[in-house]
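One line per chain: the protein sequences are G and F, in this order. With the working numbering, letter number 280 in the first sequence gets 304, and the count goes up by one each step, no holes. With the working numbering, letter number 104 in the second sequence gets 273, and the count goes up by one each step, no holes.
Hints may be right or wrong, so weigh each one.
Stated by the list, open to error - Sample of chain G residues lacking proximity to chain F, with all beta carbon distances greater than 10 Å (derived): (1) Glu159; (2) Lys180; (3) His205; (4) Gly421; (5) Lys444; (6) Phe469; (7) Ala486; (8) Ile518; (9) Ile544; (10) Phe629; (11) Gly652; (12) Ile704; (13) Ser708.
Said to hold, decoys possible - Computed cross-link-like contacts, DSBU-like style, restricted to lysine-lysine with a CA-CA straight-line distance of at most 30 Å: (14) Lys501/G with Lys77/G; (15) Lys180/G with Lys367/G; (16) Lys219/F with Lys127/G; (17) Lys367/G with Lys310/G; (18) Lys219/F with Lys44/G; (19) Lys370/G with Lys444/G.
Hints were generated in silico from the structure; no laboratory data involved. For each residue, glycine too, the CB sits at the ideal point set by N, CA and C.
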Amino acid sequence: MASVLLVIFLLSFLFLFLYKYIPNILGFSGAFVVLGIFLYFTGYIQPIIRGEKIIEETVWVPTLGMNIRFYLDGLSLFFALLVSLFGSFILLYAIGYMRGHDKANRFFCYLTIFMGSMIGLVLSDHLVLLYVFWEITSISSYFLISYNNHSKKARKAGMQALLTTSFGGLALFAGLLLMAHNCQSFHLSTILQSEHNLAGSGTIISLILIGCFTKSAQFPFHFWLPNAMEAPSPVSAYLHSATMVKAGIFLIMRLNPIFGDDSLWQSSLLAIGTISMLIGMFKATKLYDMKGVLASITISTLGALIAMIGFGYERALQGAVIYLLVHALYKAALFLAAGNIDKQAKTRDLRKLPAVFRAMPYTGLAALLACLALAGLPPFLGYIAKEILYEALSENGWQAGLFLAAFILTNAMYFMLALKLSWGLFLGHSVLPNKIHDVGFVMWFPAMLLALIGIILGLGAAYFEPFFVSVVSALTKRSDRVEIDLSLWHGINISFILTVITWLAGFLLYVKRDRLVLAINKLKLLSFDRGYRSILAYIRSAALFLTRFLQSGFLTRYLKVIFGMLIVLLAWTYIEGGLFSEIRLDLEGDSFSNIYGFFPLLLIFIGTVFVLKSSSRLRILVCLSLVGYGIALLYAVYNAPDVSMTQFLVETITLVIFAIVLNRLPKSLRFPLEARKILIAGISATFGIIMALVLLSLLQYEPNPAMKDFYIQQSFPKGHGENVVNVMLVDFRAFDTFGEMAVLSMTALGVVALINLTSGEDRF
Amino acid sequence: MPIFLAYSLYLLFRGHNNPGGGFIGALVLSIGLVFHMIAFGVPATRRIYKINTMVLTSVGLLISSLAAVSSLFFEGVFFEAIWTDIHIVGLGTLSSVLMFDVGVYLAVTGSILKIAFSIFNE
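Only chain G is shown next, with the shape it has when bound in the complex (with noise of 0.2 Å):
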């Protein structure tokens, strides 16, 4: 399973690359290699259904513990080949879509990895590597959001889709900590097995839901997934309808089983789910945008899951599975056709939305068939689902009659907008300000075949029944398998009824829809996009106060505030530790039999006395690097050559640099104050005292033996050098020197920045 992973990102830079010169060729390799990653995948379906759970492991990091392990059972599966076969539908929609456009490599790169993070998402199984894949796709996402960088809607929508999931993401992350620590194990295959009793534990409940609501866009943080509709289609198809805001509910999913029996866990399940619900459905209702209405429609339905999920028993689980899929096949379709729609007729407003059918059939076919699955209409699979919902819940208790209430208004909302979007497709209102025609091959044919198998699905479900039932049971803690009933036709019962009553006030609404939009506008819904906006422009504000409090752009403020800081601490430390009395002046140590050793330590106290001396910057720069020179040299005499040539080298290239800054400043240092030259003499004799103190003492203990003779002894073997201190910067110690590489680009990166800054100019 990790080459699956390897093979798409590997995709996903053969894109970056050669796009350009090659779009046609790769775009349709791409889809089919995606296409035979969900076949890979279809080759798990026997043995899962048989009941195996697949681990796989690669080494990564053995000395934290950390590997590259994938789990895979019924629910992994499920959405390994959700990812996959909508992914390639995906690419081959995209290689029309982004016809022309320039920077099309990097919108590929990007909905690759995305694909490849998805998919790593849903089959890990240690918890930090589900974390790490969780914020690539928000990563991934933003930058697919803000494709369209001109335009400063698509950046503002991208940010703010970043910020709530990956505030999400660090709710999450902290739970799943708290969670492996809890069970001693970071492994979910063992978490899940485990009898390791977490429900009760409040806080880890409250943080990994945070996560998964601002995934899924649950109520109070929905606002993102309406505005991320600035992205392209194909993104608005694949990431914000059928896999990424579904990565909430898989988690949501994948932890049922140890938190399912939890009053908190099912509560809010329920509440969050059922009021994302109710608004997601006013909203849609509302808008007019056709892909606004869409991503309403999302929120709603991921709201619908959720309650499902917080009723905890098979049958609700079992139609939240198929729910979950009859949802992505219809939501994809449509969001194809609209993206086809706004492509060719350049306008999404379904007031004005021409008479689209007559002039794109294929398109028009498609989103009708969609539309039907989003009626709930027999033959397709949507129609299962609402069946075996209708049943799950009409049997159960009060809290099952509320919702079974809400539910069904929502689908009677689903009914009358499936009505309104395909009344709008068939009879345009408008006229076509010039002919427009439909669109290749490769863009409608992924809308008509999602739409297509919605309807195979719901033909032939009896023949996928033992694969939802082995998904539906690693939902649940029983081992005991239940059985999905997933027949058109169970002759005249309850849910039918229900059913039958759910068209009829879904067109009761139709009818009477002027008045019905009149009145959801009445209800003011709070804004909560409005929320987000007020509560960004505080922190906002907040730090520039803290910024201008603690930065006051003086150097020397800066280096007083630093250099007092450390004296009080180092002070304190050895005063509190009672180290001074350890302090004492060996003289007759190796050290200073050295004869050497002496010129330099001239060399260095001359040095000091003429930097004290003068007041021209150049001549204490001059004398400054004398000293560093000195030092350089009693590197040397005491046999640290690698450390003695660093030495003299950036004391070279500091001396040039600094030559270079000092043209800019005035020729000569000037106190003004008398008091404050005394201060900043204060400080430097104290700070150089203190070290001197330190560095005594330091001299008392005897470095650990073991670790310098490791290194000796180890260089030569293991690390192929035979100079130690180089062997250790690249190969012991090599994740260091990389962190410190990083940290040197950044400080380039940074004095750029600064420069640029003054002097008003963008250079690069």
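Here the structure of chain G is known, so what remains is to put chain F in place on it, guided by the hints.
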């Protein structure tokens, strides 16, 4: 300049067994280039040596990270050194460690030059 370059490369490759290495080599090279810059100005230095400092830095970081993850492909552990049996006169033994050091060399040179160029240009 050629002397600086040659010497810095010499330092880079001999680093594993004698004093030297990527960081020191990079310092020597950048001192040379900074002197050149002071003498002839930034545009001349950029033109003659065709330097794009950001590219240098990022390529260096990329090479180092590739060296770090390369061991993953050979069933090793992250940052585990890989050694080949190929010896090249003057370069020593080829290995992922050498690759890492080359990355250090490029990244450090790039960063220092970037700072020097922008300060001098001001």
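Hints, one by one, checked against the model:
Every C-beta of chain F lies more than 10 Å from that of Glu159/G, the closest at about 18 Å, which supports listing it as non-interface. Chain F leaves Lys180/G outside its interface by the beta-carbon criterion, the shortest separation being 28 Å against a cut-off of 10 Å. Annotated as non-interface, His205/G keeps its C-beta farther than 10 Å from every C-beta of chain F; the closest such distance is 24 Å. At roughly 53 Å from the closest C-beta of chain F, the C-beta of Gly421/G stays outside 10 Å, upholding its exclusion from the interface.
Residue-level check passed: Lys444/G sits 51 Å from the nearest beta carbon of chain F, beyond 10 Å. Annotated as non-interface, Phe469/G keeps its C-beta farther than 10 Å from every C-beta of chain F; the closest such distance is 37 Å. For Ala486/G, the shortest C-beta to C-beta distance to chain F comes to about 45 Å, beyond the 10 Å cut-off, and the non-interface label holds. Distance to chain F confirms Ile518/G as a non-interface residue, since its nearest Cβ pair spans about 57 Å, more than 10 Å.
With a least beta-carbon separation of about 52 Å from chain F, Ile544/G lies farther than 10 Å from that chain, consistent with its non-interface assignment. Under the 10 Å C-beta cut-off, the non-interface status given to Phe629/G relative to chain F holds; the minimum distance is some 27 Å. Every C-beta of chain F lies more than 10 Å from that of Gly652/G, the closest at about 14 Å, which supports listing it as non-interface. For Ile704/G, the shortest C-beta to C-beta distance to chain F comes to about 25 Å, beyond the 10 Å cut-off, and the non-interface label holds.
Ser708/G, annotated as away from the interface, keeps every beta carbon of chain F farther than 10 Å; the closest lies near 26 Å. Proximity of Lys501/G to Lys77/G is assessed by CA-CA distance (about 15 Å); at most 30 Å being required, the pair is judged to hold. Among the hinted pairs, Lys180/G with Lys367/G is consistent with the structure: their alpha-carbon atoms are about 23 Å apart, no more than 30 Å. Distance restraint check for Lys219/F and Lys127/G: the Cα-Cα separation of roughly 27 Å lies within the 30 Å cut-off, and the hinted pair is therefore satisfied.
This hinted pair checks out: Lys367/G and Lys310/G have alpha carbons roughly 24 Å apart, not beyond 30 Å. Of the supplied pair hints, the one linking Lys219/F and Lys44/G holds, its CA atoms being roughly 26 Å apart against a limit of 30 Å. Distance restraint check for Lys370/G and Lys444/G: the Cα-Cα separation of roughly 20 Å lies within the 30 Å cut-off, and the hinted pair is therefore satisfied.
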